Amino acid sequence: MYQYDQYDQAMVDARVAEFRDQAQRRLEGKLSEDQFKPLRLMNGLYLQLHAYMLRVAIPYGTLNSTQMHVLADIADKYDRGYGHFTTRQNIQYNWIKLEDAGDILADLAKVEMHAIQTSGNCIRNISSDHFAGAAQDEVVDPRPYAELLRQWSSFHPEFMYLPRKFKIAVIASDTDRAAMRLHDIGIQIVERDGEIGASFYVGGGMGRTPMIAPNIRDFVPLDQLITYAEACLRVYNRYGRRDNKYKARIKILVHELGAEEYTRQVEEEFAHLLEQGIEPPIAELERIKPYFADPAFEDGPKTVDRSDPDFALWVDRNTHRHKHDSYVSAVISLKPVGGIPGDATAEQMHLMAELAKLYSFDECRVMHTQNVVLPHVKIADLHTLWTKLEAAGLGTPNLDQIGDIIACPGLDYCSLANARSIPLAQKISERFAANGKQDKLGELKLKISGCINACGHHHAGHIGILGVDKKGVENYQLSLGGSEAEDTSLGKITGRGFDEAGVIDAVDTVTDVYLAQREDGERFLDTYNRIGMAPFKEALYD
Amino acid sequence: MTDPQTDLGSSPDGVQFRFRDDETVDHASVTVDSFLEQSNSSAVRIEPGDDARELLPLLDRIALVEVNFPVFGDGRGYSAARILREAGYTGEIRAVGDVLVDQLNNMRRCGFDAFQPDTPMNEADAQAALETWPEVYQATTDGRTPIWDLRHGAGRNE
Amino acid sequence: MIILTGNDLKTGAVVWWDGVSWSLHVENAVDVGDQAGAIMAREEAARRVNVPYSIEATKDENGVRPAHIKDRVRALGPTVRPDLTLKPADPDIGEWVI
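Protein chains in written order, with numbering that gives the first Met the number 0: chain L, 0 to 541; chain A, 0 to 157; chain F, 0 to 97.
To be clear, the hints were calculated from the coordinates, so they are not data collected in a lab.
Every value quoted in this text rests on a predicted model; they were computed, and no experiment measured them.
Yeah, the Cβ is synthetic: ideal placement off N, Cα and C, and Gly gets one too.
A few of these clues could be false.
Stated by the list, open to error - Coverage of chain F stretches by chain L, computed from C-beta distances (three or more under 8 Å per stretch; other residues unrestricted):
| # | stretch |
| --- | --- |
| 1 | 8-20 |
| 2 | 45-59 |
| 3 | 63-69 |
| 4 | 75-85 |
As the list claims (entries may be wrong) - Residues from chain L that face chain F, not an exhaustive set, calculated with beta carbons under 8 Å:
| # | residue |
| --- | --- |
| 5 | LEU26 |
| 6 | LEU48 |
| 7 | TYR412 |
| 8 | ALA515 |
Construct the complete structure from the given sequences, taking the supplied hints into account.
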């Protein structure tokens with residue numbers, strides 16, 4: 000994976016010093032909270048319900064064991080022994096003291112990590128495919144392009160005060176594992192006539208007005224990638240709405256102008272910027288690429304001993320095909336039955352780090368579904384790995400099952416939330432594990448957000464749940480038919496909302512409809528797409 | 000030792016920092032609309048909603064562009080400044096309004112060379128802000144060599 | 000009653016105005032009547048509290064209860080981690096929030 004050189008290190012060190020100074024000026028009263036807020040947000044420091052919260056970037060979700068150990072150490076030393084992996088491949092700590100923030104950043108900088116631009120109205124952490132470099136279906140590894148974009152977007156002088164936050168995802172396969180078209184810019188690295196280039200999708204997003212990004216350019220040559228991104232951003236910075244924060248995301252600009260007119264403006268700006276010499280040379284991309292070269296794969300057994308049914312189930316559910324046939328990518332579920340989605344204790348993080356070192360060429364990945372991947376595991380090592388995971392409560396075999404719920408922190412932690420998300424996730428996973436229904440349902444992606452900002456991706460859930468505030472009481476709206484994969488679609492609300500017990504029953508009801516109506520090989524989403532909303536609605540409300 | 004990148008400049012009336020040696024324009028600036036309507040002024044003031052590109056045909060008549068920041072969180076002025084510099088404008092670009100010390104460095108990078116903040120900055124803080132970044136990742140028109148160019152030794156600005 | 004809450008500037012901890020200073024415990028919160036604005040301005044200026052705001056609450060034999068669920072979560076801690084709340088010994092304390 001990527002390693003900082005002297006320049007990258009100097010930039011991160013400088014940021015630590017700068018933020019330490021900003022925090023100090025706040026503590027001394029030289030900065031008001033109004034002035035400090037955007038500064039701390041640009042370094043991922045929120046004031047949440049119970050304390051400050053620090054969001055640490057995990058660029059394109061990739062980290063090594065040393066870094067994972069440090070994330071665990073921070074949880075122990077500065078927080079309360081745990082961290083929360085987020086839907087944008089980051090980690091956040093819930094109990095941070097402002098006076099410790101500088102020291103935490105210094106600890107992170109020692110292992111080439113940071114919290115730069117993990118919040119604020121700027122370009123956020125670049126996310127990517129969690130199976131990058133391992134997936135059998137990718138054109139190339141998307142991460143060198145993501146790293147190039149990371150450097151370009153870090154401290155970009157023109158784009159630190161955009162109309163609103165800005166999220167970029169980069170993938171390199173037709174299968175979308177990063178919700179690419181639900182980002183402000185989604186980039187798919189593609190091959191055309193033997194040449195690699197970038198296909199740009201702009202103006203997607205979730206939140207209160209979910210939109211699927213249209214394709215605005217199907218092939219940008221690699222030696223113009225940064226320039227094209229800069230053109231997309233400049234048009235947005237100049238013309239994105241600033242009169243209403245709820246209409247300030249780029250999706251609204253693209254929607255109001257129309258994709259064609261937005262594209263025309265971008266192309267005009269692009270033509271101008273090509274003259275400005277802002278593009279790093281291809282040599283820079285070539286410098287980055289070897290950091291992501293394949294590790295030394297060895298041939299070995301290609302199958303496992305399936306005599307232990309629990310192990311066989313975990314292999315079937317939680318491993319993913321690798322480009323080398325003696326390896327798989329193994330998913331560590333952070334969704335134990337009844338657990339808090341995405342939370343990991345310091346102990347568990349240390350263990351995941353050790354396992355990455357022992358069995359995955361010192362590498363792990365964070366998934367946007369709040370799980371962790373060991374990308375390159377020898378099939379021969381799977382049983383040993385699984386045994387160790389099981390012993391630590393990390394062997395839940397539920398990837399992409401109804402128990403593999405995405406849930407935002409909700410009203411238990413978040414100051415924006417209207418309702419709690421986590422208790423709902425806990426109760427649903429418990430019910431479907433206890434009644435044995437999870438095993439019958441197959442792939443079913445359930446996603447819960449505690450407010451309209453949609454951090455829990457509810458719009459993109461096969462089943463989505465949105466928490467709302469109904470006169471001071473938690474209420475939940477159910478939606479069906481969303482997807483964040485290559486068949487991206489937005490869920491539709493079933494009808495009036497439910498209280499907590501009611502929405503859990505409602506999930507049970509809609510899965511009953513699916514089980515009764517499904518045809519061979521259909522997932523929940525396929526059945527919904529075939530039969531439509533009516534039968535579900537009827538079962539729920541009549 | 001003087002470094003044109005970071006040394007705080009001389010300060011004409013109302014302007015706290017100025018990084019240029021030429022004479023300051025001694026008359027008030029006019030709006031973009033009145034400037035375009037045949038004004039004989041050589042100073043123009045850009046509001047966040049104005050299109051800096053409208054000024055490009057008339058750059059040889061301009062000696063001062065004030066870019067107003069009514070609130071620091073409105074970042075349109077950064078693009079306005081870069082657009083003017085990319086078009087070859089060499090006159091003064093002055094940031095006016097809610098301009099804070101933590102924005103100083105990025106504004107310099109985008110081409111601002113004078114600062115007239117509503118609330119004067121602490122000079123030591125301003126000096127520190129300008130010296131924060133040892134290097135830069137992006138190429139702009141400010142003459143600094145981006146990191147990728149240092150890595151690959153092209154030395155485009157030498 | 001009207002009570003005041005905010006966060007400690009240094010630690011971020013949730014705090015409540017007890018008439019003299021800022022307490023970690025909502026049961027110490029006092030009714031500030033029409034003095035909310037004046038107290039908050041003074042305390043924030045002195046950096047003894049960060050982003051204070053006033054809320055409605057009720058008081059009975061069980062103590063002070065903020066009117067809105069969000070402030071009850073703030074007063075207690077995350078309902079999904081009773082061990083991290085201010086009442087770790089009471090497994091049913093989450094019920095108080097709802």
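Evaluation of the provided hints:
1. 8-20: holds (count 6)
2. 45-59: Held - the stretch 45-59 of chain F has 3 residues with a Cβ nearer than 8 Å to chain L, which meets the minimum of three.
3. 63-69: With 4 residues close enough to chain L, the hint holds.
4. 75-85: It holds: at least three residues are needed, and the stretch 75-85 of chain F offers 6 whose Cβ sits within less than 8 Å of chain L.
5. LEU26: holds, 7 Å
6. LEU48: holds, 5 Å
7. TYR412: holds, 6 Å
8. ALA515: violated, 33 Å
When the structure is compared with the earlier hints, a violation turns up for hint 8 alone.
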